[in-house]
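These protein sequence lines are chains Y and U, in that order.
Oh and the first sequence: position 214 is 213 in numbering that gives the first Met the number 0, straight run, nothing missing.
Oh and the second sequence: position 36 is 35 in numbering that gives the first Met the number 0, straight run, nothing missing.
Derived from the structure by calculation, the hints contain no laboratory data.
Since the structure is predicted, the reported quantities are computational estimates derived from the model, not experimental observations.
Stretch by stretch, here's where chain U covers chain Y in the computed footprint (C-beta under 8 Å, at least three residues):
(1) 44-55
(2) 216-230
(3) 306-319
Using C-beta positions, here's what the derived DEER-type ranges look like:
(4) R88(U) x G50(Y): 29 to 39 Å
(5) G50(Y) x F172(U): 20 to 30 Å
(6) I156(Y) x R254(U): 50 to 60 Å
Cβ atoms here follow ideal geometry from the backbone N, Cα and C, with glycine treated the same way.
Each chain, letter by letter, is given below.
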Amino acid sequence: MTRALLGVELAYWQSTLVRVLAGLVAVLLLTGGVVYLYLFKFVSFMQSRLGPMEAGPYGSLQLLAEVGKWLQKEDIHTEDSDRTIFGLAPAVVLSSTFLMFVVIPAGPDLVIANLGTGIYYVLAVSSLSVLGILMAGWASANKYALMGALRAGGQLIAYELPMVLAVLGVVIAAGSLNLQDIVLAQSNGAIFGFTGIGNPFILTQFVAFAVFMIAVQAELTQTPFDMPIAESELVAGYQVEYSGIRFLVYFISEFATAVAFAAVASTLFLGGWALPASWGLSDGVMNVVGPIMIATKAVLLVGVVFWTRFSFPRFREDQLQRLAWKVLIPIALANILLTAVFKVAF
Amino acid sequence: MTAVTDRQKLQYIAARAADARVNVELETEGMTLNIGPQHPATHGTLRIVARLDGEQVIAAEPIAGYMHRGYEKITEVRTYAQVTTVVNRIDWLGSFANEVPFILAAERLMGVEAPPRATWIRTILFEMSRIANLILFLGDMGVQLGAITPVFFAFRDREFVLDQIERVTGGRFHPNFDRIGGLKDDLPKGWLEDTKRVMDKVRTFCDEIDDLLMGSEVFQERTRGIGVIPPDVAMQYGLSGANARASGIDWDLRRDNCIGLAYPEVDWKVWTHPDGDSFARFWVRLQEVREAASIIDQLADGVPSGPIMAKVPRIIKVPAGEAWISTENPLGEMGYYVVSQGDLTPFRLKIRSASFNNVSITPWLLRGVYVPDIVTILASLYFILGDIDR
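Based on the provided sequences and hints, a complete structural model is requested.
Given below as structure tokens:
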């Protein structure tokens, strides 16, 4: 059985290998870039300091130094910890992250698997990380870790709902769950007959976009929703007993998930990889321009996430639940209703 | 001896927690959470043993003493000139303010009075150490609530204040500059003008904090109505300083019992807040930093000329007697009770530091709050560990 990849006939295993490797490289490069850009430099400038300056030109190799440090560290676990689950937990969290990237399209042909129910799949696998976090909290045999994990469980499940409801607005507008179809719907769209910029859903679904980004902030457990790892109360929450390579895995998954959610958000609301169809670019050109387009949009959205993270104090657990159930979910439901009405009316 | 009682205390708390079926309907059990001594929220080595039902605190007990350095005993074998070096380390963020009440007490015993110029400069440095101390509180409160940016602004702008203190005293943190009868040195040239420029920066910092932190809805959600101390309870627990003023107690030693400092010469205001919650404590301290900047500005305009030292013998022997002087330090009322028997060293020195009393209210205050509010309340009570344990 052969499959075509960018016009080249490859055996199934070859094509799968190419897809997986390309996906891994793209994700890790983007994640590393985001860490350097935002965690090292952007936040430093916000806080009137320079950030890393010594490792490489302008501190650009700092991340390699950090990774090297983590890799060398001793693998420590508490005496009472459940070793197997303790070791598995970071892997579960990381796999949830990488599975999200599977369906995010980066060009007309550049998608690892073009599932018909793409967005449904993304939301499903993204909530797998709750499992990993609960495993970590329980297996660490640490009260802080347990409290952090339970907070994370409550929070991630609560914010899953506004996120799904926000996405539903887009799904109704595009008429498809497939991410490629959603991208094409935006690129082929028109604003009152004007096709010059397509019809990115952020223009019509801005309410859904706001709800989605707030929910993303909470799903990523970034401030102001970082109760699960609140460093001033729970020290580091469910990550408290992790060090060395296992902590590195959590670190990668935190930032890779930020990139993943930002990529999903730019696919759903900002037009994804596509330029407006009226510009008449061929698929071959878009396979080159597309990845740059979506990477740029995703990195900018991650910037918004981190800007918020470094500006705000954090909510308390009950305030955070109140925001989800009493504010975001009603808003998202109203948005679905309005979208459906407009869809039928026009 | 201490270790045994400590262990017994822990066992007692643990047993109570295990026995307690805290929520009968849901059949939940209590959990004892040990916060500290090594914990980011205690910024030092305070330990809090909290008994929890879920995230709610049933009982909490602060355990101090992990940083006890025995200053009251050490000072019995230090000459009067050496004592200031030691007491500098009590509240290490506003060190100069620690020296002043001791020196004032010793001066009272000796019957010496510092010349007016020394008094004014003392007051300026006293208020500068208040700013250096409280600026860090304003930033740290943000960190405890999860906003990490304000604390970097705090460290940045505190440096200007510390630079000014260093220029005149030679030490950033531990000036050891106050002497019985006056000050060690006069001011460097141009120092007063530079200080006024630094005060402008402090005011800008206060405005930044006002916008960035205090104006944030999340901050207000987290602090308003959290850890409310009614005025009568505040008095019963002996709270002082901004903690008492945030409960509406209009009491400030700088105004009400000003000894040997130049506060009556300037026009300033004591800020109080009626609410008594964490937000009020933050607000009062923010206003105090602004007020201190204005006090320094006014003092810098009118520093009198004259000598910097009164006539004191080279070898200081304090006549027998007892004296108690307390001043309004950054953390609250700080006092020294000096007992002298006419020797080179104090016979006994009793130190009343504000944080010890301020923290003693935590068992009353933490009952029934949620775990995140423990951090809010501890941060807003604002203690320095050196000031608790001495």
